[in-house]
Structure formats: structure tokens, C-alpha cells
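S.K.: For reference, the chains in residue letters:
Protein chains: 4
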Amino acid sequence: MASNSFGSLFRFTTWGESHGPAIGVVIDGCPPQLPLSEEDIQPWLDKRKPGQSRFATQRQEADAVKILSGVFEGKTTGTPISLMIENADTRSKDYEAIKDVFRPAHADYTLWAKYGLRDYRGGGRASGRETACRVAAGAVARNILGPKITIRGATVQIGPHKIHRERWNWAEVAANPFLCPDAAMVPVWEDYVEDIRKKGSSIGAVVEIVAEGVPAGLGDPVYDKLDAGIAGALMSINAVKAVEIGAGFAAAIMTGEENADEMRQGQAGVPEFLTNNAGGILGGISTGQNIVARFAVKPTPSILSPLRTITTKGAEIDLSTKGRHDPCIGPRAVPVGEAMVACVLADALLRHRALSVRL
Amino acid sequence: MASNSFGSLFRFTTWGESHGPAIGVVIDGCPPQLPLSEEDIQPWLDKRKPGQSRFATQRQEADAVKILSGVFEGKTTGTPISLMIENADTRSKDYEAIKDVFRPAHADYTLWAKYGLRDYRGGGRASGRETACRVAAGAVARNILGPKITIRGATVQIGPHKIHRERWNWAEVAANPFLCPDAAMVPVWEDYVEDIRKKGSSIGAVVEIVAEGVPAGLGDPVYDKLDAGIAGALMSINAVKAVEIGAGFAAAIMTGEENADEMRQGQAGVPEFLTNNAGGILGGISTGQNIVARFAVKPTPSILSPLRTITTKGAEIDLSTKGRHDPCIGPRAVPVGEAMVACVLADALLRHRALSVRL
Amino acid sequence: MASNSFGSLFRFTTWGESHGPAIGVVIDGCPPQLPLSEEDIQPWLDKRKPGQSRFATQRQEADAVKILSGVFEGKTTGTPISLMIENADTRSKDYEAIKDVFRPAHADYTLWAKYGLRDYRGGGRASGRETACRVAAGAVARNILGPKITIRGATVQIGPHKIHRERWNWAEVAANPFLCPDAAMVPVWEDYVEDIRKKGSSIGAVVEIVAEGVPAGLGDPVYDKLDAGIAGALMSINAVKAVEIGAGFAAAIMTGEENADEMRQGQAGVPEFLTNNAGGILGGISTGQNIVARFAVKPTPSILSPLRTITTKGAEIDLSTKGRHDPCIGPRAVPVGEAMVACVLADALLRHRALSVRL
Amino acid sequence: MASNSFGSLFRFTTWGESHGPAIGVVIDGCPPQLPLSEEDIQPWLDKRKPGQSRFATQRQEADAVKILSGVFEGKTTGTPISLMIENADTRSKDYEAIKDVFRPAHADYTLWAKYGLRDYRGGGRASGRETACRVAAGAVARNILGPKITIRGATVQIGPHKIHRERWNWAEVAANPFLCPDAAMVPVWEDYVEDIRKKGSSIGAVVEIVAEGVPAGLGDPVYDKLDAGIAGALMSINAVKAVEIGAGFAAAIMTGEENADEMRQGQAGVPEFLTNNAGGILGGISTGQNIVARFAVKPTPSILSPLRTITTKGAEIDLSTKGRHDPCIGPRAVPVGEAMVACVLADALLRHRALSVRL
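Here the protein sequences line up with chains A, H, D and G, keeping their order.
The numbers in this note's numbering rise by one with no breaks, and the one at position 86 of the first sequence is 84.
The numbers in this note's numbering rise by one with no breaks, and the one at position 207 of the second sequence is 205.
The numbers in this note's numbering rise by one with no breaks, and the one at position 281 of the third sequence is 279.
The numbers in this note's numbering rise by one with no breaks, and the one at position 181 of the fourth sequence is 179.
I should point out that these hints are in silico values taken from the structure, not numbers from a laboratory.
A quick note: this is a predicted structure, and the numbers were derived from the prediction, not measured.
Among these hints, one or two may not hold up.
Take a look, some chain H residues computed to stay more than 12 Å from chain G by CB distance [said to hold, decoys possible]:
#: 1; residue: Ala62
#: 2; residue: Pro269
#: 3; residue: Thr273
#: 4; residue: Gly286
Derived DEER-like restraints, expressed as beta-carbon distance ranges [to be verified]:
#: 5; chain 1: A; residue 1: Gly267; chain 2: H; residue 2: Leu272; range: 18 to 28 Å
#: 6; chain 1: H; residue 1: Gly312; chain 2: D; residue 2: Trp168; range: 43 to 53 Å
#: 7; chain 1: A; residue 1: Asp193; chain 2: H; residue 2: Asn274; range: 26 to 36 Å
#: 8; chain 1: H; residue 1: Gly144; chain 2: A; residue 2: His162; range: 46 to 56 Å
#: 9; chain 1: A; residue 1: Asp193; chain 2: H; residue 2: Thr273; range: 21 to 31 Å
#: 10; chain 1: D; residue 1: Lys160; chain 2: G; residue 2: Asp193; range: 29 to 39 Å
#: 11; chain 1: A; residue 1: Thr310; chain 2: H; residue 2: Thr273; range: 18 to 28 Å
#: 12; chain 1: H; residue 1: Glu314; chain 2: A; residue 2: Trp166; range: 29 to 39 Å
#: 13; chain 1: A; residue 1: Thr310; chain 2: G; residue 2: Pro41; range: 27 to 37 Å
#: 14; chain 1: H; residue 1: Leu272; chain 2: G; residue 2: Pro41; range: 31 to 41 Å
Using N, Cα and C, we set each Cβ at its ideal position, and we do this for glycine too.
Build out the structure end to end from the sequences listed, making use of the hints.
M.R.: As C-alpha cells, this is what we get:
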């Protein structure tokens, strides 16, 4: 089934398994004449790559991206941009033991139920490694969006520990391994996650993505609402179980008075909103305010504690997972969430160009 | 922009404005030889239609559906099924007053920003009336899914008042105007919403949809994950601001041990899960357990309290909305949420048929 | 299967059977603020409608179009435009006799093979009546293309009788029932087709469509080539068996020297081509020259002569078709071919707008 | 614009320029558990590759395909199959001379008009080299179709010289460099094309593709007719200017009596057609007869004779093309045409599986 593509006008298709020779992405629908080189993409991949702190898997991957097509003399040509990342540190033997076992909370059973077989090495296609391709596509999407639109993310909750929003400082995000915008929360998370890690356990998290500078008018009414697109995009990331826009679930306890973002006439004739419960989207279309989305990431399924499960033959066993895993995968989902929002917005921008002005 | 369609193989397209002559839906991709008549569709529309209690808008619509094509001698033929519902109780004059005003928390400003004009009568295309077409499509989707798959929904929270899950009784849902499965909560909500209604205010809610009998293997990995499809589908419903699957945001505070749904060998060789934090979906593919999704509905934007806003000319005004509105739109979103989940599942079922077995 | 839609950004979906209550089309992706009324669409439908000469079927249909949505105060709003045409002159009883018979050269057998049933009344969905919806969509497409782009068609061959191209006069097309641009050919065709008609036989034809004023740059390389789009669009019209662009099949007997359209610098800095063997398209993208496409229409399958065929039960019979049929359907395909080319171009124009200029 | 993909359920996306490091194709939607190795794909590429006779370009390419993903332990897994072919014999310097020139009958001008720049080396993305990826995708499509469906092609006309159909012998096709099924025609073509080649000229051709064993019922009515899909697919091949199905343009001179393929009850209860003017497709759906399609290939644009043209700056020049080109590209289009028909049929088969039987 053709389910490995994302987007309509700005559309990318990813391929590759965790332990195959390489993974890659083909980006179709990038406008011509945009400057693009591997140096524009690599920093975003570096931000996502594993092995950068003791709070992440120790798999070592350079994640060096190669541009194979679509760029000529430093500029995009309008043709497909093929990007490839070779897999280096694959230890497939680690996975021999689980080839006939359904690891709980993994996709093992469902892939087997669907296809009758699975590439069990490192999760195959269901591995988080696939998200490197999303990040690469997101880097190209940012190029389309241009410098006026900024998309940033941060981890805002790990386990029960939420950041204090009044201490939010974007500059802190790059300064700690959790991508936490609240400096005072970092030591709390360090102790908490270190404890989780030592136990061989794992913990969930919440990530927030903010897109600034998005003009009013992007998105479509009804089924291709901008928030519907963002919700689908974020929910498609491995381990994500919930998505909310603006006030999100808190909107359920608000009255109409509390929820309504009142409007005044702002500078330069642009309407101004006095609050942003809408998270920058009304009726599926951007309002010009910041677009704010949050998503929950479940705990990494691979843990040391033995879990009850079954084999492909139906035998009941207890399974304990050793290996190189992230005690909290949340922070590594931050660049992936940013990338998906960038791709949704780039597609919406191109779609908007097709129809926004009088022909 | 072609954004009024939903689905791939089972695909429907809706049209029509709140105060135009009619609304309708064209369903393309319904398999042949399924029994179908207006009587199969009407009951679902009746469940959604307005004017049925003092807690809902008093607009009176018969919402009588007509089948215009695609059915011959009582059976679907494989050709497009065109359904039409005439608009009856349109009081467009009510809307003259707001034709040049951006109602806060409505799509008025964003539609105007996008298109430079809008059909202001009753919200035009952005009206909740469009959801009747979703419900009609959902009725056909249920026909495709067959009697073994049941999709039901309920309101589980209004404002701060959550139901008690241990009192959940599906039989209660049809017995109260809130579609509440907890009989003891009904009088609490009655008092609470009546108070909101009398003040001319409104309040948000949370709705839960449960799909039972879905076989393992539906859905696709990566970008067309079943949960990504459900998230996009539910978020595309008017006023929805958040979606979660299974444990949802609660997964953020769970450890790997708490979150993992352990497996045992069940009856008749089918694997059995001991819990359902996954909400019936792992790796984007159904597990065979109940699929459980929840979504938050924001309070109806139309309230009596004056709100600060601006006109299309930039004048700053205070706006108070009179008219026929729902104090809590949540319960009326229940059949819509059910319908969208039914459509996602019908599409996934058809897609699965294309690839599941050896050719 | 969702196969009743055409186009990507400018996308329409048709529905309805020949003898159902109505047929219709939903147009999604029309830009906002274009003037549109039923009077803009009706003339094109009138050009296609049956019963206008003794050389066409005597079925009487007003083919009066109604706009049900998407237009407000005389302008498009960017929302779906729903158009409906009621069926009036349906004589379904005429078709009782063939309900269990596969009429040769019709879709009867293949629809039955695919779906296991068929709406046999007047061909159901496979009726040429569906093309009225294409013509309606084409009228909206012309509105998007604007007055600088003209799309016209003519019948250029009936049976063995080809027009003389040096006598081509567009003004003649509207002056005869064959839509023939060669006045001297009209009496020849009159005699020829009248003879065919009296015998209860039928004959094939070739139609040519010319689009003038199309700017260079529309279309896409590789799989969405403009000529691939036109070929698919024209071949999707009932009874069409062949399509060619520019020199078409004659290119097979040309040398590179004969085929190449040489270029000179033209007026106002626009390149000029000295010939147009390419038919206005190179590498799948428009050159700025006239786009020229031709298609062959097979003879109407319904004829008086008995043909050998079988029933759904496998009985072998001889079938003679009486009723109201066109002795040569070619001329009635002219407005349909124009409409399809208009729709392909409108879609290409919108797609081009998304990517053509630097962001 | 996302225009480098083909197909819906069986969908492939190609990338790469003629003189970049590699070209490739990502196939999404191949069912699981099909045996697949590089050895299944390479023979089809070998049939297409250049440099195999004096009648084809002398560019030497091994065209060795590598499978990068989607196959595990010799079987497809249902995940994307990424195939890559490295470019070896690129002489980009040959193209420096034409970097600012629009070669007549090439895509040079239109690509420049669309994108404002072009990768001029060897035609970049518009090179016939892209068709290797189509052939690779076609090999996978054949695997899906299985051994009962055979798709073969042959050159049936070069310049004015048509084969004699009564001498058609499939075994001859592999025995001559023209893929000619008429042994007696081979020496005629040899003399004719050798003369063309010596003059530095080129000539057009007609290719025929025949698909045998296709069951009745594949394809869809209306816009996704099987013949519309084949027409679009074949017209999307570089240099193709015309497509016909069955009788094709000859249908224009047929009466209804001549054109109708009469039916009798055949062996094993399967209907039998007495002729095949329909080319195996009625109403857009396969009849069970052979599917027969023909397409015209224009002469290679690169010729020695000087042609009038202009530069990107508007200067008028005369251009003579030296280099390694095919005097008649027709025969090399045969495997490409086969591949495209195979891909259309594989997609139709998967689509059919989704809807053909009662759920």
C-alpha cells in the first residue's frame, strides 16, 4: 500500500529499514531556484542523531546525508531531491533472539498480523530510525518557508514533571540534553531520568512545537484543515499517542468567554488577537498568530523488566530487553515534530499559492 | 483547493453551505451489492440533528436524506452514491448583522483572510451543518464494515465534570440528551449546562469513540498509520482541539512497565492483550483490541457576553451573539466522531483487502 | 473505487445514472472571487445536449443546470460548487428487454464482470449522459483560464471523409450539425450520415481540439506531462479509442529534420516556433504554441443489424437494437473534448501557480 | 510539483538526472511475501540498456540495479522497495556547448520557461535515462501480476515501413535489434535505419504492446478507465506523441457492424469475443481478451543537420548536434512501454482486489 509518502504538492516518500544498507527520502514538489546543499540539511540531522548523551541510545550513527538528485549548481531545479543516509552501526545479531517474539508495545505483532512476516532487525521499517528521513525533508521544507517563518520545539514534560511556562527561555533548549526550555527543570529531569535509566525502565514525555511568522490564510476548510494536517502528521511519528492544538484538552473546561481569543486592530492594519487559545488556527486556517501544537510520547517499549508475551508460534514467555535504548525518547522526538510541522506548512504554503489571489 | 474530500479507496466529498438550498455528499468507492436504502442512513442523521432538547440549538431541520444515485434495486452498484439533504429552517436575516464582523473563535476572519470574501449566512461552509454529510457517509461506511464491527461514542466530560468510568453503561447513552454513559452524572450535567445556557454562555466537552470487533492488521505503517488517520479525521471536525488514542496524554507519565500491554495466548489461537493502553493500535496497525479515541470539543463560540472584535474595515467593536446555539456542542459531536472513525476504518479495510494476502 | 473524480487542485467528481432522478458534479478547487452563474454554464450544456438535429438521438433533455453551492452573491467562494441536472426524458421501459443481455461493444459485460450487477437502464453510469457533467465542469474551468485562453473543437473526419485543412474556418463550426469547420464537406457528410442513419447503422469519427493562448510552462515533466494528462482525459470519454498530440501518429514517418519545430526570436522577446509538430507540448510542458489534440470516436454500438451475443445466463442470442441513438456520436463528443482539455489546463494552471516563481 | 510518481495503490516514484551520481525508483505498494531479487529485475533493464547495437546510442551503461530496501530474506515485506542504478558513462562536457541553447524538439525551452533554470547535462531529468527506472518498476509489477499475465511488445513500424501482421512471430522479437516480430521486415529496416544513421538523421516508429491473460473486470468506469490509464502512461514516455487501443484511429472509419466484437459462450463458461476491435477494454474495464495498445515515437531530436534555434539570451543560431544518439529510438521504447502497461495493470489488479467481491 502506498503509505510511505507525506504531503500533496510538497510531497516526500521515505524508504529503508533500520538495519538495511541505507535509508532515504525522495522529495517531490520543491520549487526551483532555492539554494540547497548538504550543509543546509546536516545540522538538523545532527540535532536528532543518537548517541549524544547518556540519556539516549548509544547507537553511533554519523547520519551523513548525501544529495543524489534535484540540485544543480547549488540550486534546486524543481525535480525530485533524493537524499540518502547510510546505516553504519547496525548490530543485527542483537535481534536474532527476538525474531520469533512479539515485543509488547512494539509493532512486532501488528506487522506480522498484517504482512505475515517482518524484518525483525532493529524494528525494520518501524524503527525510529525512519524519522531521520522526516528531519531531512523538514530541512528542505524550512528552505521553502523562508527565514520569516521559524519552527521550534521543546520538551515540556517528562513523567509527572512539567516545566514552568513563565520560565520558558528558547535559548536554554540547545543547552541541555532534554531540549528543555526551563533551566530550573533540567536538574530535576536529570535525576529523574537517570534513575529511570539505571533501572532499565523508561518514561513518557510531552513535546511542544511552535511555528512563528506563519501568515494568516494557510490551510483549508473542512477535511484538509491545517490542524487536521498537523494532528495526522504528529500522530504518525513513532510512539506518539496524543496531539493537541492551542488550549487543546483544556478547552473542554473552558467557557465560551474564556476560550474566545478576542480581536483588536493591530499595527499596520493586521488584526491582533488578545490571547491564543486557538493555537493559531481557526476553521482549519492559520490566524497569523503562533501555531502551537503539543504531543505525548509514550515510554520506550524496550525495558529490562520481564514482560509477559507470546511467540509467533503461540508460546507464552517472559521477555526482558537488553540493548541500546533511550530511557526517554521524548527529547529525540523534538526535531522530528518540528520537521513534520515544517512539512505541513510548506505544503499548505504551496497549496495556498495556487488559489489565494485572483487569477 | 480540493480539500472537501476524505479517504482514499472509500472516499467521500461534501458540498453545501448552511443557508444554501441543500447540502450533500458524494460517496465514491463503496463496494457493489451492499443493501442500502434511505432507511439505513436516516437514523444516524436523526441522532445528530438539531432541535431535540433544550440543550441544543432550536434550529428545526428534518435532515431528510435522499439517495440520488449509486443504488439500484436496493443494492449499491459500485458507482458514486449521491446523497442530498435540503436546508429548511434557514433564517439568513439573522446573520445580516454580522456580515462585516469577525466573530471571535469562529472561522470568519481566517476565511476572509484566505479567500477575500465569505458566505456569512450561518457560517456558510464552516457551519457545523456540514457534519450531517459526514454522518451520512459514516452510515454507508458502517454498511461496508458489516455487523461484526461496532462503533459507538459517548460524552465523557462536560466542563470540569468527568464521568466515572466504573459506571459506564452503553445502554444509558441513548437515554439522556448528553449521550452520557454514566447515569449518575446526567443530573449533574443537566444542572451545570442549564446554568450555562441561561447565562447565554457555553462550555467545552470531551467525547470518546470506541470501535469494537476490528480485526488485527488494519492500517498502514509510517504516514498512513491508523491512529494518524483517526487523529486527522477527528481534528477535522469543527471545534475539535485535541485527540488522543488509548492512554493518550496519560502515556507521558507512565513508565515502560506501566504502559506495555502484555500479551497472552487467547482463545482460538488469537493473541490476547492484558490491558489496552495502546487504544487498539500499535505501529499504526490495529491490534484486534478495541480502538479507543477521545477528542476535546471547545465551547460554542456564539455567546451572549459581549466580546471585543473588529470589522472587515478594521473598526473595533464589542459583539454579543444572539440566536439559536448549543450551550455545549460536545454531545452533538458524538455521532460525527463515530462517523469519521467508521469512514477511516472502512477505507483501511478496503486498503487492507488490496494487499493483505498473497496474490 | 474512488474513480469518479478528475484533476488534482482543480478537481471534480461526477455522479448519477442515465435514468436516475438526476446527474451532477461537485467541483472542488475553484479559486474564489470568480463571477459565476448558471448562465455561464448553460450555453456549453446546450451545445452538447441531445435532440438538436436528425443526426443525433431524439431523447429530449432540457439539461438545465442548477448551482447548489459554492457561489455567493454572484461569485465563487472557494468552496465546492455543486451542480445538478435533472433527468427528464427517461424511458426506462425501453431497456427491460436488454436487462439480461450483454450488448456487444457496450460496457454491459465488463460492468457485470466487475460488479456482478448493473443498472441496465440506459447504460446507467456508463451512459454518454455522464458527459454533461464534464461539460459543466469545463465551463467552470474556462472561467479559471480566463478570456486569453480559448479552447475550441471540431469534427475533422466522419468515416472515410476527412475535411480539407486549407478550408478550415472556425466560423463554420456552429453553422452545421456536425461541428464541421469545412463548409464544403458538410453536404458530403449529410448524405453519408443520412444513409447510415436510414440503415440503422452507425459510423466513427475524428475530433480535433485546439487550445489557443496557453502560456509556456504549464504541465509537469515525467508522469504528469501535460500531454499525458490530455491523453488520459480524452481517452476517458466514452467511445474514444485513440488520442494524438500535434503530428501524432504521423511523427512515426518523419525524420528528425521534418519533425523538429525550429525556433526564432519572436515579437516582444517571446520565442517563436516555425512549425507545430509538437502540438504545443515538449517534454510534457506547454511551449506557448497552440495545443492540438485529436481523438477517434468509435461508431455508436446500438445498431439495427442483429449481432451475435450472449445473456447473463450464457444463452447465445442475436440482438438488434431499436431506440433513440446517434448514427455518428463524434460531433456530440466535440464539446466534451473541449471541456476535458479545459479542465486539464485549469488544473495545470493552478499547479503551475504553486511553483512557478521564486518564493 | 509532486509529478514524479505513478500509480495509486501500486505506486512508484523516480528520481535522478542523466548525469548525476545515480538514478532510482522507490516502489510503494508492493504486496508482501513475493519472491524478489536483483536477478528478477536486471534482465528487463538489460533489454532496455543502451549500446547494444549500432542502431542505438553508444553510451555504455551497465545499468546494474541494487535493492536498498523492502526485501528481507528474499521476499518483499510490504515496505517500500528502493532501487538504485549508478550512472557510469557520463560525458557532461559534451553538453557544455548547449548549456545556453534551446535544442529544437527537446524539452530545453519548456523546462527553462517553467523553472527558469535547467540541468543541461544530458537532458537532466528529461533524459530517456529516466525510463530505466520505469523498467525496474515494471519488473516488480510483473511479479505482482504473476505468471498467468504476459506483457510483450514489439516495434511494428519504422518510418513508412510497417510490418506484415500475418507474419507476426513473437520469437523473432528477441532475434533482431529492432524488436521486430516480422523476420522479413528486419533487412528492410536495417537498410533504412543504417541510411538514416549515416546521414546523422533520425526517424520515428510505432510500438505495439500486448497483454495476455488479463482477467475480465480490471479497471474502473469513468475517469480511471483502464484505457485512460494506459493512454496516460504511454503518453508520459519521452518522445511519444500518440496512443491507440485496439482498432484505435481505424475505428473512425468503421460502421457499428464492423466495429462490434460479437460474443459467444466460450469454454468453461467464459464468454468469448469473435474479434478484438476493442483492444480488450470496454467501458474502461478489461474484457478478458488481449489488451492491445500502440504508440507513436517521434524521431530523436538530436540530429546532425543544422536547425534554426535561439539561445537563452535570445540570439538566433543554427544548431547541429553531435554525440551519441539513437537513429530510431522506437525499439528502445518497447521495454518501457511494456513496463508502463505492467504497472497500470498491477495497480488495477490491487484496486480490483479492494472492491471486487462482497465484503
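S.K.: Work down the list of hints and note, for each, if the structure agrees.
M.R.: Evaluation of the provided hints:
1. Residue-level check passed: Ala62 (chain H) sits 28 Å from the nearest beta carbon of chain G, beyond 12 Å.
2. The claim that Pro269 (chain H) is not at the interface with chain G holds, since no C-beta of that chain comes within 12 Å of its own (minimum 19 Å).
3. Every Cβ of chain G is farther than 12 Å from the Cβ of Thr273 (chain H); the closest lies at roughly 28 Å, confirming the non-interface assignment.
4. No Cβ of chain G approaches the Cβ of Gly286 (chain H) within 12 Å, the least distance being about 18 Å, so the stated non-interface status holds.
5. Evaluation of the 18 to 28 Å hint for Gly267 (chain A) and Leu272 (chain H) yields a failure: the beta carbon distance comes to about 60 Å.
6. A C-beta distance of roughly 50 Å is found between Gly312 (chain H) and Trp168 (chain D), which places it inside the suggested range of 43 to 53 Å.
7. Restraint check, Asp193 (chain A) to Asn274 (chain H): a C-beta distance of roughly 28 Å satisfies the suggested window 26 to 36 Å.
8. One distance hint, 46 to 56 Å for the beta-carbon pair Gly144 (chain H) and His162 (chain A), holds here, with the actual separation near 51 Å.
9. Separation of Asp193 (chain A) from Thr273 (chain H) is about 24 Å and conforms to the stated range, judged on CB atoms against 21 to 31 Å.
10. Distance hint for Lys160 (chain D) and Asp193 (chain G): a CB-CB separation of about 31 Å, consistent with the stated range 29 to 39 Å.
11. One distance hint, 18 to 28 Å for the beta-carbon pair Thr310 (chain A) and Thr273 (chain H), holds here, with the actual separation near 22 Å.
12. Roughly 30 Å separates the CB atoms of Glu314 (chain H) and Trp166 (chain A), a value that falls within the hinted 29 to 39 Å.
13. Taking 27 to 37 Å as the suggested C-beta distance range, the pair Thr310 (chain A) and Pro41 (chain G) conforms, at roughly 35 Å.
14. Judged by the Cβ atoms, the range 31 to 41 Å given for Leu272 (chain H) and Pro41 (chain G) is violated: they are separated by roughly 51 Å.
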